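Chain A is already provided as a structure; the job is to place chain B on it using the hints.
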Amino acid sequence: MMTDTPLVSVRDLRIGAVTDSGRNVEIIRGVDFDIAPGEILALIGESGSGKTTIALSLMGHTRRGCSIEGGTIRVGEHDVTGMTERQRAKLRGTEISYVPQSAAAAFNPSKRIMDQVVETTRIHDLMPRAKAEERARGLFRALALPDPDTIGERYPHQVSGGQLQRLSAAMALIGDPELVIFDEPTTALDVTTQIEVLRAFRRVMEEGGMAGVYVSHDLAVVAQIADRIVVLKNGEIQEQGTTEQILSAPKHPYTKELLAAFDPVPHVAVKDVEAEAETPILEVRGLYAGYGPIKDGEPLAKVMSDVSFKLYRGRNLGVIGESGSGKSTLARAIAGILPAYRGEVLLDGHTLAPSLGQRSKQELRRAQIVFQLADTALNPAHSVGSIIARPLRFYKGLRGDAADKRVIELLDMVHLPPTLRHRLPSELSGGQKQRVNLARALAAEPELILCDEITSALDTVVAAAILELLKELQGELGLSYMFISHDLSTVEAICDDVLVMYKGEVVEALPAARMSQDATHAYSRLLISSVPQLDTGWLAGLEQDPELLAAFSDR
Amino acid sequence: MLWSTTTWRLIGQRLGIALITLVIVSFAVFFATEMLPGDVAQILLGQAATPEAVAGLREAMGLNEPAFQRFLGWLVGLATGDMGRSYVNDIEVVDLLGGRLQNSLRLAGIVTVICVPVALTLGIIAAMFRGSWLDRAVSVATISVISVPEFMVATLSVLVFAVWLGWLPALSYGVNVDSIGAMLRAYAMPVITLSFVVAAQMIRMTRAAVIETIETPYVEMALLKGASKLRMVLVHALPNALGPIANAVALSLSYLVGGVIIVETVFNYPGVAKLMVDAVATRDLPLIQSCAMVFCVSYLTLITLADMIAILSNPRLRQ
Chain A
1 MMTDTPLVSV
11 RDLRIGAVTD
21 SGRNVEIIRG
31 VDFDIAPGEI
41 LALIGESGSG
51 KTTIALSLMG
61 HTRRGCSIEG
71 GTIRVGEHDV
81 TGMTERQRAK
91 LRGTEISYVP
101 QSAAAAFNPS
111 KRIMDQVVET
121 TRIHDLMPRA
131 KAEERARGLF
141 RALALPDPDT
151 IGERYPHQVS
161 GGQLQRLSAA
171 MALIGDPELV
181 IFDEPTTALD
191 VTTQIEVLRA
201 FRRVMEEGGM
211 AGVYVSHDLA
221 VVAQIADRIV
231 VLKNGEIQEQ
241 GTTEQILSAP
251 KHPYTKELLA
261 AFDPVPHVAV
271 KDVEAEAETP
281 ILEVRGLYAG
291 YGPIKDGEPL
301 AKVMSDVSFK
311 LYRGRNLGVI
321 GESGSGKSTL
331 ARAIAGILPA
341 YRGEVLLDGH
351 TLAPSLGQRS
361 KQELRRAQIV
371 FQLADTALNP
381 AHSVGSIIAR
391 PLRFYKGLRG
401 DAADKRVIEL
411 LDMVHLPPTL
421 RHRLPSELSG
431 GQKQRVNLAR
441 ALAAEPELIL
451 CDEITSALDT
461 VVAAAILELL
471 KELQGELGLS
481 YMFISHDLST
491 VEAICDDVLV
501 MYKGEVVEAL
511 PAARMSQDAT
521 HAYSRLLISS
531 VPQLDTGWLA
541 GLEQDPELLA
551 AFSDR
Chain B
1001 MLWSTTTWRL
1011 IGQRLGIALI
1021 TLVIVSFAVF
1031 FATEMLPGDV
1041 AQILLGQAAT
1051 PEAVAGLREA
1061 MGLNEPAFQR
1071 FLGWLVGLAT
1081 GDMGRSYVND
1091 IEVVDLLGGR
1101 LQNSLRLAGI
1111 VTVICVPVAL
1121 TLGIIAAMFR
1131 GSWLDRAVSV
1141 ATISVISVPE
1151 FMVATLSVLV
1161 FAVWLGWLPA
1171 LSYGVNVDSI
1181 GAMLRAYAMP
1191 VITLSFVVAA
1201 QMIRMTRAAV
1211 IETIETPYVE
1221 MALLKGASKL
1231 RMVLVHALPN
1241 ALGPIANAVA
1251 LSLSYLVGGV
1261 IIVETVFNYP
1271 GVAKLMVDAV
1281 ATRDLPLIQS
1291 CAMVFCVSYL
1301 TLITLADMIA
1311 ILSNPRLRQ
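Line by line, the protein sequences give chains A and B.
The numbers in the working numbering rise by one with no breaks, and the one at position 195 of the first sequence is 195.
Numbers given in the working numbering equal positions in the second sequence, counted from 1, plus 1000.
In isolation and in its complexed conformation, chain A is listed as follows (with noise of 0.2 Å):
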């Protein structure tokens, strides 16, 4: 093959979906771009953007409901669109291969990792099971995997999630494929978790010489891995171009809002503390909380241990952590969701009972949270006005046309429109539903906020607006937020002070301007340092301590 001629080129790519009510929708609008020999290719766009759809259907696939209706895809010198379904089989797994969003859920609960890691080269007949198996070993070597002679005889429960995401990666290259795609396969990760099988996904690929198509909202894992990047929006290109041309000298403006979300807006203190005087709005003194039954007062799993902080009015403090790290814990601690079994919560100098029950209407209205998933969190039953009217009869006990009054006062203040009221939660948006949880909350017109990952489901464009819309209600209302992220820069971008949680305890409080330079403690700087920049030689030029790495991310 001529080392000019691009190993895909897709033409004019159309495909159409039939919605719940039976209309028919297009959902990419005419493709093309294509990808050279050893080329990796980003697809970047935001959620409902198509990125998937589009690399699925490299591989001949599209997902129920999906059709292709129009274009070319050519892979090598296979026509994908023109193949029957038995010839796109045969390509699968050897010509192009598939490395799934969360392995955890793309490996087959009741099969052994080997017997799925070696599937294709049984299906394809490429080789005998011995030597299927010796190749699979080897692959477990390069992409750095603990035990790699006996870890294939484990099931997907036994290993962990960075572990399984590696080993997806195995069961896609063991096929020796000229194209692997990477559909978001590190989002599900911890970032810490996340460098150790990005660095394992480059080189391989680099050894290899194979092509790659890699799915992402993130453009900073982007920058660290792909050659060129593509745009999306709405199932069409915005921009494509190299990854350096990409990130530096964007030409489209949604490329460029794309970035901008991306900039640290650096937080400006609504207040500075005001020394001891003043109580603080919510203080917490070694407060422990846990899970399942209660024995000699503590519960047998124990989630969270000793943690304290003091938050002042006007001030917000962050909380960051890994999964399981107790962030969500403390907030339903303070809550009273989840009764701390030792401990105790302050709300502006009085102590709270542990459990909600215990607690007296006005100490609940005053401190509200929000979850992370408006989804859930919002009856699909009921209206956006009854939804955010139930505060106000419960604490108000306003009703008819005085909380109708207020409903669109609250709506305003989130900046949505009166109308709105009327709409079911599934007719919304992300960001309008995560809106609204909000309005719910400054129904009670709390003073503090306790704020559970509420930008993490969205879209990087959607949570810098609601993040902005944060600030703004702090400013009219005085209000302050306990917030919860995994994710470093969202917490820079609105705390004052930021509590770094490993294992359920606190290792570390720091300012959240000075994070990276003040940070001592190990695991602190581990995290912070692993979180990705927009800047294509971060990976390679990162140096982290291999046995730090080794003693704190999930490996």
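Hints are computed from structural coordinates only; laboratory data are not their basis.
Since the model is a prediction, treat every value here as computed from it, not as a measurement.
Among the clues, some could well be false.
Straight-line C-alpha distance at most 27 Å; calculated DSSO-like pairs for lysine-lysine [stated by the list, open to error]:
#1 A:Lys-405 x A:Lys-361
#2 A:Lys-233 x A:Lys-256
#3 A:Lys-251 x A:Lys-233
#4 B:Lys-1229 x A:Lys-90
#5 B:Lys-1229 x A:Lys-111
#6 A:Lys-405 x A:Lys-471
Here is chain B on its own, set in the frame of chain A:
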């Protein structure tokens, strides 16, 4: 390694739960029959009996003892295989029940052997080709069969096959079953009627269970590795659907022992269900209790078996 201590512990737990359930059920059965209206001694002796005779019989039958004491005695008897004597026939309940249970189990066995493979195959095929004409045909057929009450199926098949066509005997029992052909003819109609009801349920539940696993990311992953449809379903989807399918099968089959009264009556088939209904008519308490216990035991056995299959098919529970 397949049988670790955890597996044994889980299976032991299931068996323990089954045993406790059995004791609770026997308690309920005993006291429910106690509450049946009418005095047994009075009924046995008839309207003309003198009060002294009734009192004497009550004393002789031990009916004056406290209920709980009689319950314990009955429970111990059950455990040692002594189910008491039938009031009406004055023979051991065990002897009365034994033959009938054999009949019931034979019928249930034949239906099971025919239905389970057919139902599973149809259910899996319908799930594999979801939305195709085949799937729709199977769905329409199963829904129609579920909606038609079994006495309709039974009487209609008697009308068609026995009365109009004259191919099959209308009654299953009492006919000569000395050749295989005769046996087939004798069992054909009850088996067909029962298969209709039982298989329809199994097909629907199997289809639903397999479809649920087909939609998981790991089956899509198998597709993206180039697996054929057959491999996706048999190797990846089915092992994970085994637990729900086993439960569906157990639930359907449990119906074959106790719930077949209509079929047994229509075809005059001497099974346990018919025996129990007759026993109720004659207020034969020991017999009623024993029949009820037979139903409960068979139900519990099936459900416990299904639970064990679910445990063994799940590597998370197996280890």
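For a C-alpha distance cap of 27 Å, please report whether Lys-1229 (chain B) and Lys-90 (chain A) respect it. Satisfied, since the Cα-Cα distance of roughly 13 Å is no more than 27 Å.
Check whether the Cα positions of Lys-233 (chain A) and Lys-256 (chain A) lie no farther apart than 27 Å. Given that 27 Å is the threshold and the Cα spacing comes to 13 Å, the pair holds.
Hinted pair, alpha-carbon criterion (27 Å max): Lys-405 (chain A), Lys-471 (chain A). Please report holds or violated. holds, 24 Å
If you draw a straight line from the CA of Lys-251 (chain A) to the CA of Lys-233 (chain A), is it 27 Å or shorter? holds, 15 Å
If you draw a straight line from the CA of Lys-1229 (chain B) to the CA of Lys-111 (chain A), is it 27 Å or shorter? Holds, at roughly 18 Å.
Are the Cα positions of Lys-405 (chain A) and Lys-361 (chain A) separated by 27 Å at most? holds, 23 Å
Checked against the numbered hints above, the structure breaks none of them.
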